[in-house]
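4 protein chains.
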Amino acid sequence: MVIVMKPGAPQSEMEKLSKKFESMGLSVHPTIGENYSILGLVGDTQLLTESEVAASSSYIDRIIRVQHPFKLASRLFHPEDSVIDVEGVKIGGGNLTFIAGPCAVESRDQVFAIAEQVKASGAHMLRGGAYKPRTSPYSFQGLQEEGLQILKEAKEKTGMPIVTEIITPDLVELVADYVDVLQVGARNMQNFSLLRTVGQTNKPILLKRGMSATIEELIMAAEYIMSEGNPNVILCERGIRTFETYTRNTLDISAIPAIKELCHLPVIVDPSHAAGRWHMVEPLAKAAIAAGADGLIVEVHHKPDEALSDGAQSLKPEKFNRLISAVRQIAAIDEDVHHRHVPAQVRDNGLR
Amino acid sequence: MVIVMKPGAPQSEMEKLSKKFESMGLSVHPTIGENYSILGLVGDTQLLTESEVAASSSYIDRIIRVQHPFKLASRLFHPEDSVIDVEGVKIGGGNLTFIAGPCAVESRDQVFAIAEQVKASGAHMLRGGAYKPRTSPYSFQGLQEEGLQILKEAKEKTGMPIVTEIITPDLVELVADYVDVLQVGARNMQNFSLLRTVGQTNKPILLKRGMSATIEELIMAAEYIMSEGNPNVILCERGIRTFETYTRNTLDISAIPAIKELCHLPVIVDPSHAAGRWHMVEPLAKAAIAAGADGLIVEVHHKPDEALSDGAQSLKPEKFNRLISAVRQIAAIDEDVHHRHVPAQVRDNGLR
Amino acid sequence: MVIVMKPGAPQSEMEKLSKKFESMGLSVHPTIGENYSILGLVGDTQLLTESEVAASSSYIDRIIRVQHPFKLASRLFHPEDSVIDVEGVKIGGGNLTFIAGPCAVESRDQVFAIAEQVKASGAHMLRGGAYKPRTSPYSFQGLQEEGLQILKEAKEKTGMPIVTEIITPDLVELVADYVDVLQVGARNMQNFSLLRTVGQTNKPILLKRGMSATIEELIMAAEYIMSEGNPNVILCERGIRTFETYTRNTLDISAIPAIKELCHLPVIVDPSHAAGRWHMVEPLAKAAIAAGADGLIVEVHHKPDEALSDGAQSLKPEKFNRLISAVRQIAAIDEDVHHRHVPAQVRDNGLR
Amino acid sequence: MVIVMKPGAPQSEMEKLSKKFESMGLSVHPTIGENYSILGLVGDTQLLTESEVAASSSYIDRIIRVQHPFKLASRLFHPEDSVIDVEGVKIGGGNLTFIAGPCAVESRDQVFAIAEQVKASGAHMLRGGAYKPRTSPYSFQGLQEEGLQILKEAKEKTGMPIVTEIITPDLVELVADYVDVLQVGARNMQNFSLLRTVGQTNKPILLKRGMSATIEELIMAAEYIMSEGNPNVILCERGIRTFETYTRNTLDISAIPAIKELCHLPVIVDPSHAAGRWHMVEPLAKAAIAAGADGLIVEVHHKPDEALSDGAQSLKPEKFNRLISAVRQIAAIDEDVHHRHVPAQVRDNGLR
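Chains as they are written, first to last, in this note's numbering: chain X, 1 to 352; chain P, 1 to 352; chain C, 1 to 352; chain G, 1 to 352.
Pulled out of the complex, with its shape left as it was, chain X reads as follows (with noise of 0.2 angstroms):
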């Protein structure tokens, strides 16, 4: 951590800022400049944050963090990749895996038929919404634990596990029964008492970044699932919120490799929800594979005219198979080339 001193501050406070720092077991070190000093602070500095350095002292101009501050969840002290296991479905570590199913759970003929037709195209695993985040209170919340049912049975019916959302900690313990991954929703990414509950499972999570997080901030997301004991925590990139209108929101696809520089997790991808229109759904899947992502999670309706919630951005099935198809050739040429799962920085030492 590096604290840059204002013009003129007096050398007694700098002193002051040492002692105390030194007495938290870091050791200082001091550069003096003609105009701005700069205290280099040396140490476990990643468990201080930048609020609680700031506040030290009037005379500190800015502070500016070297080390990320996440542990856990970061590269540097577990360089490997880790793999996640969902009832033998493997997320991450070169393996590309597919999420599909429709956003909502609307009835137990939409989900059978939709989860066997994704099954064949190979995905993985099915997603579906039984609590349904909606920013309007009038639109439909989801069928609840009724559809928590509908997900188990179709579950009980292809083999594949299921990914449901989870909005808030009192239902954690209920929806944990019924699937198999729960995820957290980019508005919950800092809904921190939903983290620690998650956190105390022994579930694998679907972790999505929040529409205006960074990524920094995504990671330390994970790094509180992680502190309360689970491990195993999949980020999700779907989009952030920019000044363009044409798009619902714009895919960070240089975030994909910016995570797999500074985390071990995996990196999936929607491009239901970053795009809002379902024609953009396959460039940006196929984009997110060649960039690097470990998989997808895709919208897919039979009968995308009659969904309840978000049918504009979903894929019919038989678009859903030819998307699978491209994508599957992309990642496996790519893999010939370059190993398209191993972080450069990895690979070659971050030089080059």
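It is worth saying that the hints were derived from the structure and are not from the lab.
It is possible that part of the hints are untrue.
Given that identical chains are not distinguished, each listed pair holds provided it fits within a single copy or across any two copies.
[To be verified] Calculated lysine-lysine pairs in the DSS-like style (CA-CA distance at most 25 angstroms, straight line): (1) Lys-316 to Lys-152; (2) Lys-119 to Lys-90; (3) Lys-119 to Lys-155; (4) Lys-303 to Lys-6; (5) Lys-303 to Lys-16; (6) Lys-20 to Lys-303; (7) Lys-19 to Lys-6; (8) Lys-71 to Lys-20; (9) Lys-303 to Lys-119; (10) Lys-6 to Lys-316; (11) Lys-19 to Lys-303; (12) Lys-316 to Lys-16; (13) Lys-71 to Lys-6; (14) Lys-316 to Lys-20; (15) Lys-157 to Lys-119; (16) Lys-152 to Lys-119; (17) Lys-16 to Lys-6.
Knowing the structure of chain X, use the given hints to seat chains P, C and G on it.
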């Protein structure tokens, strides 16, 4: 609501859609253009979501909402300002209300010292965090119930009602027993379970705008609370996330007149979180009042260099005192000139 | 174009507006709702700007454009892909085109060395900056005319056409004498004088998207050039500015299918400026081709540790070679599966 | 400047870099951490760009600038406010200056009518566009030299100095013959050729912040002008581009105290372009003055419903009159309380 059809959409598709919307009790007005045709929907379209409509046909290019999706919070149906009463303290409708106190409750002595000083300066309510949402799981998470107890005693000593943040639905009952206003933080603005739960209490709710929430989304979050039966919502602008890195967030000052035009609820401003730097708190606070805010929520700490959180943005009590004096004069002047708190849209019927 | 009137707008005002627009040759279709009324304008509304219409009446609440404001660049009126020919090198229409070279021309030896290596890897054109737009007035500003001379000689040696940036209208004639493609940089995307001047040449123009330009604004900038008589515009996505600080810019991968849907011009991607870090160039380049880009413009430097500008994002020739090999295979596969370069909207008439 | 080396960077690489920077006259202070090591550079690092340094070694992880990259514009080296004199009108240093007039010059009658009314309300300078940068090539582009002539006559009639926008270097000489202040628009803030050319005149320059320019980039654009010998730069905040769509731009009110802390140049605010809606102009104007702005530039039109551009954001003269009266009272009050125009950082030496 206006539905724009894709170029080349067949007549039969527009008829199919018209029938569908007519069966929902809406009237449909088509306009046929050379390249694009549109359907204008008239009636109670507020409960329709764009995504539901978009899913109705592959031939839909875009959907444009004419009427905002909120009802209970809308000024259209409630032209008068709402005035929220918190144990006799009034917010909205021309009142100028100040909430002040430390970021986090650290000790009885700290809270009592700050409470007495801010009360002397003219604060109407005391803020203080007992449960702290922190981006790092390793940071101080608040004194929790012990903190609530300290806040309650501070109210007994000073008479000031208490505002504190509530971070999860399970704690609503407990926290509501101790305090007077429940704050929903920026990260939880779309934690819909929490919104519903606080909507079922009879406590006033201070609802902070999410870091990347639009003005419409903020008002929709208020609608969530109100739809459960609690009309006492105070909105709070606290800065949005932009590309600018010099400030922690960018205070969206135009949100004040914009919200007042669309919504009848009071709007206060948090200049401390917006800036992230104490020396910007005063200019932002003055700007907020000049732009028509109904009040301020300000972090004050008697020993900011020792604060356990956010000391860098806390004012010392003497600076808070000066700030209150300055903004009171702005509000007073202003009032004479043109009724600061009445939005131009309402005052002049929106006409030049 | 749809005009939404304010609640309570008098009938007479709508009639006044209707007459005004009818006198401009448009037909006007009113829809009267309970709270809001709208006027649908049919006819040649592309030349109307929102701001002109908004000024027509105080009773206008909002204006919504149905048809995009561009004509010459619109795919609606020109469904086939444009193919730009640069001295025999074709861009667009299914061709895959690579432009490579150093950020800045530094010396004859540097340019010749890099040119030969990128040509051997399969590059079709050589890029190199002779006039450099730099954020600091104290940075290296380019070799200027001497740089143009070196680029011209490199073309003579290798046969590769030359792309270089033009930063001001006065230099257009001089630069056009030396090179084959004039590049308009991101910071000049809305330098309308420059757009007009390059529109009056007969050289192909490589137009980069501004850092905070919308997709519609980028296409409108192309329309500026085309409206002066030069139809040969190549669009370039190079990343937009967001709140994310880990990457220099956020590559907007969805801009590729979005532009292809709206516009018939070719779209290439600059992964070097988007990432700002060389080890992200390859994943972004592969993503771009997978998403349907018509080509790439990549910074290559044989000695990046000694580059005078942007060395941190330059690839060494051997990494560029590997990148070309990988993206060619992605493009080839892709082609078999579903015609990568034909946008879904066009291919399937936009229907699921 | 602080250079953070990658984990595992060899000692020899740090020595190579140290020698390189020492040979440039800097002193180098290494701090060796367990995972990351850093090099602190002391000396005249302002002329070094991050990209030049980043290119020096593959082992560099990040570069952190401690000192801002501007010198002539920096308050560090020029603690007193600059006061710009425009034909006797003073801007900065505690003066409150109003610039008003139509968006575009449309006719002699229009300009004269507006000029006399804004003068009567207390405006000090007249604005009006003769060359209009328009996003559509088909929009009204301004009366050009005829417009300049009208502005000159308006000055002769009213005595008010004239501010007009300059859009390309070729026109600088011509425009400078007619007017008193040259405005560089937001879209040209990084048109470096234009910045250099206006830097070579002796006219004051009104420099608008780009829509996605950081505060540092705005000050660097001023540095460009100043580095050519023209110290008379007035900065103008006019809103930045964010995800919010309700307003045209988001006025960055915190830019006012931020710029004043870093830079000695005057800062004015354009509330008309920030809001894009006339009824928000007054609240934003008052906020700007309350936050410490040195003045305002406001669009006024006597018949906004007939304006050829931006009528929707123009005030009628009577509303402008009320606005001036309100902000003068805010400024007056303010002055008594705490010297509105002196930044807190300077006033209190930046200390709480």
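Now the hints, each set against the structure:
no. : hint               : result
1   : Lys-316 to Lys-152 : within (23 angstroms within a copy, 52 angstroms between copies)
2   : Lys-119 to Lys-90  : within (16 angstroms within a copy, 42 angstroms between copies)
3   : Lys-119 to Lys-155 : within (11 angstroms within a copy, 54 angstroms between copies)
4   : Lys-303 to Lys-6   : between (62 angstroms within a copy, 20 angstroms between copies)
5   : Lys-303 to Lys-16  : between (68 angstroms within a copy, 16 angstroms between copies)
6   : Lys-20 to Lys-303  : between (64 angstroms within a copy, 16 angstroms between copies)
7   : Lys-19 to Lys-6    : within (18 angstroms within a copy, 28 angstroms between copies)
8   : Lys-71 to Lys-20   : within (24 angstroms within a copy, 34 angstroms between copies)
9   : Lys-303 to Lys-119 : within (17 angstroms within a copy, 50 angstroms between copies)
10  : Lys-6 to Lys-316   : between (59 angstroms within a copy, 19 angstroms between copies)
11  : Lys-19 to Lys-303  : between (67 angstroms within a copy, 19 angstroms between copies)
12  : Lys-316 to Lys-16  : between (65 angstroms within a copy, 21 angstroms between copies)
13  : Lys-71 to Lys-6    : between (30 angstroms within a copy, 17 angstroms between copies)
14  : Lys-316 to Lys-20  : between (62 angstroms within a copy, 22 angstroms between copies)
15  : Lys-157 to Lys-119 : within (11 angstroms within a copy, 56 angstroms between copies)
16  : Lys-152 to Lys-119 : within (15 angstroms within a copy, 57 angstroms between copies)
17  : Lys-16 to Lys-6    : within (15 angstroms within a copy, 30 angstroms between copies)
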